[in-house]
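> Kindly produce the complete structure, drawing on both the sequences and the hints.
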Amino acid sequence: MVERMEVGDAGITQALVDSIHEKWREDEVVKLKFEGPQSLNMKRTHETLE
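Taking full-length UniProt numbering, I'd label the letters of the sequence shown as residues 1 to 50.
Simulated from the structure, these hints should not be mistaken for laboratory data.
Treat the hints with care, as some may be off.
Claimed, not checked - Derived lysine to any residue pairs resembling SDA-like cross-links, with alpha carbons at most 20 Å apart:
1. K23 <-> L40
2. K43 <-> G8
3. K43 <-> D27
4. K23 <-> P37
5. K43 <-> E22
6. K33 <-> I12
7. K33 <-> E6
8. K43 <-> V30
9. K43 <-> E3
10. K43 <-> E26
Stated by the list, open to error - Okay, the calculated beta carbon distance ranges per label pair:
11. V2 <-> E35: 17 to 23 Å
12. M5 <-> E47: 24 to 30 Å
13. K31 <-> A10: 14 to 20 Å
14. R44 <-> V2: 25 to 31 Å
15. H46 <-> D9: 26 to 32 Å
16. V2 <-> E47: 24 to 30 Å
17. A10 <-> E47: 23 to 29 Å
18. H46 <-> Q14: 15 to 21 Å
The beta-carbon is built from N, C-alpha and C at its ideal position, and this holds for glycine as well.
So this is what it looks like as structure tokens:
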């Protein structure tokens with residue numbers, strides 16, 4: 001679980017959600033690194049991911 005998944009300017013897409021699910025099959029925890037507009041409003045980003 002060393003690597004982090006980078007979330008770029010496109011934000012939370014279906015492809016990102018699918019890759020998170022694939023990572024969950026191997027590891028219990030998935031780390032995300034946000035760049036751009038999502039990093040400015042993490043509360044909304046958190047709610048979207050839930």
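> Which of the numbered hints are not met once you compare them with the structure shown?
1, 3, 4, 5, 9, 10, 12, 15 and 17
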